[in-house]
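Participant: Input sequences plus hints: build the corresponding full structure.
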Amino acid sequence: MVFWRKKKNATEQEKQEQEDKVIHHPEEPEIEPPTEYEAELSEDQKHEIFEETEEEIIEELEETPVPEMTREIIEEDEELDVPEEKQGWFSRMTEGLSKSSNKITQGLTDLVTKKKLDQDLLDELEDLLITADLGPKTAAKIVEEFGKDRFGKDISEEEIRLALAESIANILTPVAKPQTFEKREDGKPFVTIVVGVNGVGKTTTIGKVAHDLQMTQKRPTMIAAADTFRAAAIEQLEVWAKRAGCPFVSKEIGSDAAAVAFEAYEKAKAEGTEVLFIDTAGRLHNKANLMAELEKIVRVLKKQDETLPHAVLLVLDATTGQNAFEQVRIFKEMMNVTGLIVTKLDGSAKGGVVVGLADEFGLPIHMIGVGEQIGDLRPFDAQDFANSLVGANS
Amino acid sequence: MFENLSNRLGGVFDKLRGKGALKESDVDEAMREIRVALLEADVALPVVKQFVANVKEEAVGQDVIKGVNPAQQVVKIVNDAMVEMLGGDNEDERALKFASAPCAYLMVGLQGSGKTTTTAKIAKFLTDKQRKKVLMASLDVYRPAAQLQLKQLGEQTGVETLEIIEGQNPVQIAMRAMEEGRKGGFDLVILDTAGRLSIDEELMQEVADVKAATHPVETLLIADAMTGQDAVVTAEKFNERVPVTGVVLTRVDGDSRGGAAMSMKAVTGCPIKLLGMGEKWDALEPFHPDRMASRILGMGDVVSLVEKAVDTVNREEAEKMAEKFKKGQFDFNDLLSQMKQITKMGGAGSIMKLLPGLGKMAKQIEEAGMDDSILKHQEALILSMTPEEREKPKLLNASRRKRIAAGAGMTVQDVNKLVKQLEQMQTVMKRMKKMGMGNMMGMMKNMMGEKDAELLAQSMDPDALAEDMVRAKNSDNPLGSNPFLQGGGGLGGMGGGMPPGMGLPGMGLRGGTKKDRKKGKKK
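Chains A and B, in that order, give the protein sequences. Per this note's numbering: the first sequence = residues 71 to 464. Per this note's numbering: the second sequence = residues 179 to 701.
Hints are computed from structural coordinates only; laboratory data are not their basis. Ideal Cβ positions, reconstructed from N, Cα and C, are used throughout, including at glycine. There is no bait here: all hints are sound.
Cross-link-like lysine-lysine pairs, in silico, DSS-like; alpha carbons within 25 Å at most: (1) A:K366 / A:K258; (2) B:K570 / B:K595; (3) A:K207 / B:K227; (4) A:K337 / A:K366; (5) A:K366 / B:K458; (6) B:K311 / B:K458; (7) B:K234 / A:K207; (8) B:K458 / A:K357; (9) A:K312 / B:K329; (10) A:K312 / A:K258; (11) B:K275 / B:K307; (12) B:K329 / A:K321; (13) A:K321 / B:K458; (14) B:K598 / B:K608; (15) B:K307 / B:K458; (16) A:K337 / A:K258; (17) A:K321 / A:K337; (18) B:K329 / B:K311; (19) A:K253 / A:K372; (20) A:K321 / A:K373; (21) B:K329 / B:K458.
One side of the interface only, derived from the structure: several residues of chain B facing chain A at Cβ under 10 Å: (22) A298; (23) P322; (24) Q334; (25) L375; (26) A409; (27) V411; (28) D431.
DEER-style ranges, computed between Cβ atoms: (29) B:H393 / A:R254: 57 to 67 Å; (30) A:A362 / B:G345: 38 to 48 Å; (31) B:A199 / A:R220: 37 to 47 Å; (32) B:A391 / A:K218: 54 to 64 Å; (33) B:E463 / A:N359: 18 to 28 Å; (34) B:E341 / A:K312: 16 to 26 Å; (35) B:N268 / A:A329: 48 to 58 Å; (36) B:I342 / A:N359: 28 to 38 Å.
Facilitator: Written out as structure tokens, the structure reads:
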């Protein structure tokens with residue numbers, strides 16, 4: 071504007087402008103040393119996550135009564151040609167994830183088998199990580215670390231894979247923490263609010279988790295539909311509640327989301343529910359009024375009990391690019407998000423953005439979604455995820 | 179969190195000042211920055227590489243334009259290339275097509291990309307604005323309550339939906355929809371399909387079958403603006419199996435940079451036809467390549483600024499104007515022309531929202547209850563003055579003020595306020611001269627936070643500002659600088675408050691963008 075027109079001070083002004091233009095690259099936070107998160111798990115969970123054999127899982131799956139598992143629902147399985155019950159967890163996860171890592175794997179294979187590690191090769195590796203949505207900064211950082219001791223040396227494809235996977239796993243291990251929805255000592259329900267932008271898979275995720283708790287772990291679980299905005303959102307969640315065999319709390323469309331949460335909590339408390347899930351409407355993180363509605367839900371719950379909610383889970387779509395940073399930043403700021411769930415990892419998207427997210431925010435990643443089926447939810451395993459990302463064999 | 183591209187380039191080009199032409203080595207360095215900027219905006223890597231190579235070719239050897247720093251010049255080249263790539267002026271290509279009734283639109287995309295909402299929006303738009311008779315049909319037999327969702331949306335928007343019959347497969351539903359379209363005399367049948375992954379052979383075959391059965395005139399790929407590198411894979415695969423005719427980008431009202439637009443356009447060659455801009459039914463907008471380019475580059479103000487410098491203006495006059503301002507000779511004519519610009523550009527708040535880094539301020543202003551009706555009132559007051567009074571505000575004695583107030587249907591107090599405001603602006607301008615640039619910057623930083631101030635400083639090229647003034651003065655459609663008219667009083671809601679009359683530098687620069695850019699092209 072006009073006041074800046076200081077012709078006589080031209081040089082001084084120019085200097086000032088230049089000073090103002092100096093680029094301030096934010097300092098990249100150091101990678102936290104990996105911590106042993108296994109220690110936080112009970113023996114059972116450890117077994118389940120790390121040692122469980124395929125047979126055991128099949129057994130478990132076959133025992134599980136699935137209500138209303140009609141033809142329609144089975145048809146709905148988009149992912150698997152063979153009935154999924156016949157496969158074990160790990161093979162399924164690898165299958166799901168390997169779809170996402172196909173491209174990157176192919177790219178790596180294209181690099182010569184044994185080759186001197188020069189700048190060109192490093193650039194190619196960086197490109198590969200970028201195509202997996204790691205983002206230019208994180209990719210550059212990982213590749214730099216990778217090249218530090220190896221530059222100029224001969225290196226094989228397998229070595230590259232393993233080393234890259236290790237670097238990525240080092241970043242992800244500290245955040246790979248399962249969410250156990252621990253039983254409250256006071257006998258009140260463990261309250262979880264699920265949030266995220268539109269279309270990331272909040273409702274489907276709740277259906278899957280609730281099914282696991284209610285059917286597999288035999289823990290009384292309740293689902294509340296606080297998405298009172300989107301058409302048929304309540305009906306959609308109701309179908310999932312039926313599949314999971316959970317009681318379901320809802321009000322008519324357009325009612326106050328906080329009121330649904332309040333009623334659900336009252337009901338859950340009265341019925342001795344162990345875990346309560348509150349599904350919220352998808353909202354873009356930059357819409358202040360919609361974010362305020364979320365805050366209201368928390369406020370109302372806190373009036374009941376200061377410790378509520380016990381978990382706020384942010385669901386992220388694996389196809390999301392660098393905007394995931396803003397999503398996490400704002401949801402975390404406003405909702406005090408306690409952990410992440412990454413969905414749609416069965417597609418061609420690689421979800422590499424979580425590497426940067428782990429680095430920057432350090433929020434636990436609890437689970438990943440690998441399909442639309444009721445069983446298509448996996449605990450997040452840092453090493454497996456990293457391996458799959460670069461196509462290394464574990 | 180995103181650094182402004184010209185900020186990044188500034189460092190690279192500082193040493194370039196005074197040189198004659200853009201050299202390859204200089205451009206190379208700049209291209210590295212552009213590459214990172216595009217990747218951060220989620221443009222897919224192969225597309226980035228191709229684009230950067232093209233731009234580099236164009237940039238090398240260009241003469242450095244005087245008065246514009248080379249960084250800004252390169253940004254302009256980048257911007258132009260991107261606008262071109264996103265579809266340029268080819269508006270016909272972006273229009274929705276129709277065929278003999280009933281014709282079909284097929285909506286395809288990944289899960290959660292916004293197909294159903296977009297279906298309802300398009301249907302509502304065509305019903306209301308183009309008087310088409312539209313039938314919506316959901317072919318999503320997989321997701322729970324998906325068909326019910328479309329039905330409810332039909333009820334909300336008043337658009338007819340196909341009756342839901344359980345047990346039919348998508349192809350059967352599609353055939354039934356087309357049959358119903360014929361019988362019911364519909365112009366258009368919109369087929370909303372289930373979300374599917376591009377690597378899911380079975381479901382991709384299914385949608386190909388639907389397409390073969392219905393011969394849609396438009397096959398629209400619905401994609402989330404937040405999509406990352408996967409945009410190319412998805413677009414490629416969908417385009418392979420069900421050749422798409424256009425792309426609809428959703429959630430553009432989010433704060434993603436929207437690089438997916440570029441990726442998808444590059445891969446499919448299909449125009450981006452529409453943008454989903456919110457949850458309301460009318461939140462569907464035509465696609466503007468220039469706006470999207472600005473968004474992907476994270477700028478806009480700088481681009482238009484360079485545009486102006488290139489168009490070039492009578493520098494002598496610009497300087498005269500600048501001189502006038504410096505002396506504080508700011509009269510009601512100047513004030514009026516600036517008010518008109520603000521009103522034309524959709525009011526102060528909407529302008530500020532467009533400026534990088536000023537969104538926050540816009541909200542504060544809204545909260546402070548400052549609205550554009552004040553501008554209208556003040557305009558009326560000025561228009562009630564004689565030409566002489568407008569030029570010489572000092573003439574305004576009590577009886578003149580009474581006359582003016584009566585003429586505008588306002589009170590004398592309002593006239594006084596306006597005069598006071600003008601005086602304040604004059605004072606500030608004089609003070610500015612004494613203070614010099616450094617102090618001003620400090621003040622801005624305190625007020626707006628360092629980052630924003632940097633952004634602003636970036637867009638304040640004195641020469642271009644002067645040109646703005648010339649435009650404001652000469653053109654019947656003035657689009658120049660706008661000291662924010664309400665001064666300290668109107669912005670009471672802001673912490674610390676602005677110095678009276680100080681206004682928002684840079685506003686006019688951005689404000690000029692759209693129309694000026696168009697003008698520039700015509701020349």
